[in-house]
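*Asks:* Residue strings, one per chain:
Number of protein chains: 2
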Amino acid sequence: MKTLSVPGVRLAAVESGIRYANRLDLVLIELAEGSESAGVFTLNAFCAAPVTIARRHLNAVSPRYFLINTGNANAGTGEAGIRDALASCDAVARECGVAIEQVLPFSTGVIGEPLPVAKIIAGIPAACEALNAESFDAASRGIMTTDTRPKLVSRQVSIDGEIVTIAGFAKGAGMIKPNMATMLSYVFTDAELSKATLDRLLREQVNKSFNRITVDGDTSTNDCCLLTATAASSARVEDDEGTCDPLFEQGLAEVFRELAIAVIRDAEGATKFVTVEVSGGKDSEECLKVGYTVAESPLVKTALFASDPNWGRILMAIGRAGLDDLDIDTVGVKLGDTPIVSNGCRDAAYTEELGQAEMDKTDIVIAIDLARGNHTETLFTSDLSHDYVSINADYRS
Amino acid sequence: MKTLSVPGVRLAAVESGIRYANRLDLVLIELAEGSESAGVFTLNAFCAAPVTIARRHLNAVSPRYFLINTGNANAGTGEAGIRDALASCDAVARECGVAIEQVLPFSTGVIGEPLPVAKIIAGIPAACEALNAESFDAASRGIMTTDTRPKLVSRQVSIDGEIVTIAGFAKGAGMIKPNMATMLSYVFTDAELSKATLDRLLREQVNKSFNRITVDGDTSTNDCCLLTATAASSARVEDDEGTCDPLFEQGLAEVFRELAIAVIRDAEGATKFVTVEVSGGKDSEECLKVGYTVAESPLVKTALFASDPNWGRILMAIGRAGLDDLDIDTVGVKLGDTPIVSNGCRDAAYTEELGQAEMDKTDIVIAIDLARGNHTETLFTSDLSHDYVSINADYRS
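If you read the sequences in order, they're chains A and B. Under this note's numbering, the first residue of the first sequence carries the number 1375, and numbering increases by one thereafter. Under this note's numbering, the first residue of the second sequence carries the number 1375, and numbering increases by one thereafter.
For reference, chain A alone in the conformation it holds in the complex (with noise of 0.2 Å):
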């Protein structure tokens, strides 16, 4: 595989030793002059300081370097958190000679416990020192928490002969509903955006991937998802008034997706890759609602993991996700291409057969059609298996 680099962008990932030896556990990304940024944050009211930092110091000015450490969400820290946040982006700001607003933070590990925060100062110099255009792979397993893989995704597009990269990397396998954003990912490009452009572009793509996956429905308190335009290639990206090349808008959208799709199939103990998608509503909340319930039911969870066709606990989420006046005589559920359910009971050509055949894939689809109106949402999520309980009653340990 060719080594992938975003021109305009340079990375290094070393060990600090933050929470355990021998680990790479803390990222630095240099973005060169002229970079544009927008970024997305997490709903979660206790949102982490290098949060509040990130947000805050986004606003003010384009930054030029982005500090990631894992092994600490500097979580529920109060006052003492936004301090240590802020050093860690001191000691970045002093080693590399910018300003302390053009650093973002950001941390994903363990809540509510101080940031050792001295350790991170002591690693940037070396972190410096090893920036290189060419180490997107090693950033993308710097920020790996309970990851068992790194989530890398690139793609290029020819535009009047000018090739434009879009390269970006994320981490999550639990801990994951994102509200807004994703529990960490950045997405770069060479192309030139205007802020406006990015802002836009960036809701428009999370809408469409981070914000349409669950792992176990908690919201983290550190999501950040970042996109960067380096402005390094000279093609012709965005017009005048703002539009995006379509080819380019897609190769985007790709690597959103591609990104969200690769947390959920790395989600914590899961066995599964389940897609619901619910069409028939009247609109998207209400699809999202039907969605989400299905997806996060606990019962739901438990029979995709012993792939057993108990249809029965779909209806039953269905049937508590709060619509007004659903008619249930007229939904319909389908497992992959098997209907399963229609006007609201079982199909009559359904056998257990049938069910069975489609619970025993990897990659499972629930069809569900409310039948009231025009409006689909599709969502993607994990089961609950034997590992999830195991990585999340050992994770501290």
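Among the hints, a few may not be true.
Pairs involving identical chains hold if they fit within one copy or between any two copies, as the list cannot separate such chains.
As the list claims (entries may be wrong) - Each computed DSBU-like pair below joins lysine-lysine, with the alpha-carbon atoms no more than 35 Å apart:
| id | residue 1 | residue 2 |
| --- | --- | --- |
| 1 | LYS1708 | LYS1663 |
| 2 | LYS1582 | LYS1663 |
| 3 | LYS1735 | LYS1582 |
| 4 | LYS1708 | LYS1493 |
| 5 | LYS1493 | LYS1569 |
| 6 | LYS1663 | LYS1569 |
| 7 | LYS1582 | LYS1569 |
| 8 | LYS1656 | LYS1493 |
| 9 | LYS1582 | LYS1708 |
Think of the hints as simulated: they come from the structure by calculation, not from any bench.
Please arrange chain B on chain A, whose structure you already have, making use of the hints.
*Replies:* Here is chain B on its own, set in the frame of chain A:
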């Protein structure tokens, strides 16, 4: 132990082979003429056929018989399910010489499979034959599914020298987040109470007991809770304005509360009994929102299972509960009597040892102070263990 009975109530539990051989799976309850009953039923839109029929019959006349089967929920069964539920009622009505509307049907078990109505009808003569005032224990066992033990609670109160008895039983261990009722629960008293008073008492008590428990957030299609007064006692419990004797109301409250707590203590795979108290809320609704988000968070529940004082997950759950303008810098959290979080971050006196000592207990109290109002709500829940996954992955096997 003295055999329990409530004058005016006779019960029977028989084996009818609905799903498994050699298992009590059909319960018949006879109420003396002159009894009044009140009922609350699931708000799940996919409510089961017997729920539809029980609600309809209860609105029409005072019931004389309850017929309860396990092994099959008769939910998601459409028109055929309605016919089957009516056929079961009809068989009781013919055997016992009452109108079909005087029989209320109840079912619990797998959703979506046709009710084996022939087996139920075949079991009815034996059940009628076996009706007995002292079969409360057998009846409470006869409605069990994944329950590991029966839940049977009684109280006697003396009113003006007359003894009044209150006794009830419930079943349920999973798919438990009752919404207006619980899985299946029946409470009986020999007091004389008007229908209006029974309705009021039932709603008040359910909202303080069964509507404050959650195992997995999954609301059953078959939840029903019935309160019956047989009027066999001559004690004057209710005055002309419908006000009840406070001793009686207290006894009733204790029966409901103990039954609800018994369901949580027997929750599927539970190793912990967890009380979530939310105080300082602006209204009950926001206390419940925070309480349920914490009580149903898979990450909080797996930390409880591991006895891990990973209290950051509690903050995460509070933060994602969706309260408007929550000032996290005023929030306090205690585990038992140990302050964990004060003013939004780790309490100055907190140590890991103190937290560990609280989490090592079997009965854990999570007390959350939102510090923005005067409302309080208390919920009861369980942890998320390997056994929960095993029980629900294997339930149909």
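*Asks:* Tell me the numbers of any earlier hints that the structure contravenes, in ascending order.
*Replies:* Hint check: 8 fails alone, others pass.
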